[in-house]
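Enquirer: This is what each chain is made of:
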Amino acid sequence: MSAITTSELVTNAAGRRVPTVVNGREQIAYTGVNGHRPSGNKYGPPIRTNSDYPANGDKRVPDLATALRLCGLHDGMTISSHHHLRNGDRVALTALQTAAGMGAKDLVWFPSASFPCHEPVIDLMKSGAVHHIEGSMNGPLGDYCSHGQMRGLGVLRSHGGRWQAVQDGEVRIDIAVIAAPTADFFGNADGSHGKSACGSLGFALTDSVYADRVIVVTDNLVPFPCIPCQIQGNNIDYVVEVESIGDPAKIVSGTTQITRSPDRLRISELVARFLRDSGIMRNGFSFQAGAGGIALAFVDHLARMMKEANVKASFVRGGSTKYLVDMLKNGQTCFILDGQTFDLDAVRSIASDPRHVPTSPFTSYNFHGKGNFASIVDACVLGATEVDLNFNANVVTHSDGRLLHGIGGWQNCLFAGCTILAVPSFRDRIPVIVDEVTTITGPGELIDVIATERGIAINPKRQDLLDAVKGKGLPIRTIEAIKAEVEQICGGQPAKPRLGDRPVAVVKWVDGTVLDTVWQVLDDNPYAAKVAGGE
Amino acid sequence: MPAAAEASQLKRGEAGRAGGDVRSDLHVSVEERASGGVEIELRSRVALYYGDNIRQQVRDVLHALGVEHTFVGIVDEGALPFVIAARVEAAVRRAGLGNQKSALPEALPLPAISARDRLRRSRLYLPGNEPKYFVNAGLHGPDAVILDLEDSVHHAEKDAARLLVRNALRAVDFGAAERMVRINQLPLGMADLEEIVPQSPDLILVPKVETAAQMVEVSDAITRSAKQSGVTRPICQMPILESALGIENAFAIATASERIAGITIGLEDYTADLGVVKTATGNESLFARMRVVNAAHAAHVQAIDSVYGDVADMEGLLRWGEAARAMGFEGMGCIHPMQIEIIHRAFAPSPAELEKALKIVAAYEDAQARGLGVVSLGSKMIDAPVVQRALKLVERAREMGLGPGEASSAGGGEA
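Chains A and B supply the protein sequences, listed in that same order.
Residues 2 to 536 in this note's numbering are what the first sequence spells out, letter by letter.
Residues 2 to 416 in this note's numbering are what the second sequence spells out, letter by letter.
Some hints here could point you the wrong way.
Claimed, not checked - Chain B stretches covered by chain A per the calculated footprint, using a threshold of three residues with CB under 8 Å from any CB of chain A: (1) 52-64; (2) 372-380.
Unchecked claim - One-sided excerpt, in silico: chain A residues whose CB lies under 10 Å from chain B: (3) G41; (4) Y44; (5) P46; (6) P47; (7) I48; (8) D354; (9) R356; (10) V358; (11) P432; (12) P476; (13) G492; (14) K497; (15) P498; (16) G501.
Everything labelled a hint here was simulated from the structure, so no lab data went into it.
Even for Gly, the Cβ is constructed at its ideal location relative to N, Cα and C.
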């Protein structure tokens, strides 16, 4: 509690009030895009000596409790986990519950993302075993935090920001627990094979390198050497073999279905036409799109337009799905650079096609890297919960202030050559374009295009894009015009929900500075909570 | 017991739908009160944003309907204001409350008057009691929307759908789409006309028409209702022929009223009437469809084909549409917005066709300018009917947004 009550608030470069101290650590307020230039050396994990490890390479221990004990588990430690098993993950919760069972208190959970399957962590927070979460929170975890029930402040970071926080030493991981669909006794681990195959293990790479102690948990132990391997055994302390690391049906979706919603299909087609008609879609270009309904349909439309125009991409960035895999197979892209592997077709592809390459947030997004992939990408298609007239966007909270989504790679992707937010202009009756977003997650200067079913708004800063699509028959409108039309349809501007003056979480920018504060939710709407989440 | 007995005599009514899978609608229940004014109990997905707005709107609607004392329970799934007004009015009417007046939402300016022979390639059906499909329908670029009060609306919901469609005609911007309403079969359709005609729909679709007299009856009812409500804009009619008898009477029906802009066919009911299976190739309905085409052309109105029922089969839809165009139809119905672009492609002239027509038109204009009676292209003389067909094709192509060299990229018109 003390961290919350004693912290002062300052106004940052985005005009937002943010705390100067978060969970006992001093913070730097956001100073603008590319405004922050840290110096000094990166954090280094403790020195280890190979002679302290078994000469025969066999690092197996009987169970997770033994591994945690050997890692020196004690109160207040930071334990990390990763979300490549998505909603099928059994390892993160088991690790925290095991630690709690061993009597550990006040742990900090540092996941790369949380999912609905992690809801029981609420019980661990109530019992005192877990102090707070530094990572994305949504669903029940998001509500718990939003209502101010968590003891510490939530810290929301992008995938790249998570790597930055570790390299800066802002977050020191005491024990990393890596769920591995395949591993050998030395700790070499891979995600593309095994009954729980999930594709890329990129999110775990940073923890394997920087954590004090690293445990690999696998349900598919193979003889040394595990080839291919994405996680190097030389970074691993202990290996635990278990019956099952997750539910395969929830790790990957069997087949990824494109939306049939006519409005979403229209948005996705408008985005594809925008890329085509603006000239961004040309031989050798690159793009990134996620696995949401609109993004998938966008890829489908774009692939058709690329075929019609005989255009080939140099690479595409995943979140990979069947639709990107089809493009690879059809010769429409030379490579898939994959951060996360969503469906069975994509898992099979990453396991068998050398042009389908796993990547990590280090290569793709890291602020402390010597460059990153995200800014090489020509176009990126993302979602948002709210956008304001200055093109600032929100992706973490709902308009009522409740935590709704993690940041994921969203902030990092804003550095693409052309960033397009593909959003419906209103959801139910709630307008998406607002005067001021509830929580700034992305600064408008990095957001180029808002594509809605009622038209496409281009950021006035991008005169080049405005010129490129002039006379091409696209419904280009000002963001103000779309907003006014939606407010006419919805019966006026929505009222602003009342938020408390107590911070419950902070949103970090990619450089580790504090971009915005998530405030305690006061007005509860149980009926909305019951039915929300149909996105 | 006395209290319960007294309560049971209070007038009650409900309308609309709510629940986990419902969006953009609401459930309203009203219960008469002897005194105490209006009490509203509201549960809404959007209560934080529009709770006060909804309460005020409900009070305004009740006031317009002359209801002073009542309890109103609302479960709202994010319904837009025109839907809220329609559902409250339906609940009040069902309860037998109020002064029998209407609570009309503010009307948008009416779109341009719809020409009788306008482009009608695609007509998008919208189930009349499903408000979530209304508001974005025009964005998908159909030539027309059909607000349907007939087959897509359950018998018990006809009254509520009628009010919803009425309000939509006032409050929803359907863009460049012609605003059609499919009424119920007579006599129920007469009650539909009473609510609908005062809102200036562009065209009334009349289902299961078998005789010319039915079209005259509808036409007279439109005239009466338009006169009463001061509507001066033209309102067209389109009969749907859905039985063997209707097909036999096609020409008489097509010429029954000046209002008739086109005739169309409903193949589900027609094949059922014949007792045959409706197939993908449609051989069983070939005569009926050709009969419609011939009667329409004889009557100088448009021939419009049925719908293509398999939403997943875009190639089948394209083939069907191309065949329909080749038979002489000018358009067809659609049951999903994804079908619109395919249908527009099917009914567009091919690049070669358009190019040839443009040459003929150029030769015709050249001959006109030089005062020549005979049009010739190279060494060939062009007959007058060929010139007429080319002129019409070029004019239609222009309406479709096609010019020289653009015929292959026919798409929905963007605003």
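Enquirer: Does each hint hold? Answer for all of them.
Expert: Hints, verified against the model:
no., hint, result
1, 52-64, "holds (count 4)"
2, 372-380, "violated (count 0)"
3, G41, "45 Å, violated"
4, Y44, "43 Å, violated"
5, P46, "46 Å, violated"
6, P47, "50 Å, violated"
7, I48, "54 Å, violated"
8, D354, "29 Å, violated"
9, R356, "30 Å, violated"
10, V358, "34 Å, violated"
11, P432, "9 Å, holds"
12, P476, "5 Å, holds"
13, G492, "4 Å, holds"
14, K497, "8 Å, holds"
15, P498, "4 Å, holds"
16, G501, "14 Å, violated"
In this structure, the earlier hints numbered 2, 3, 4, 5, 6, 7, 8, 9, 10, 16 are contradicted, and the remaining ones agree with it.
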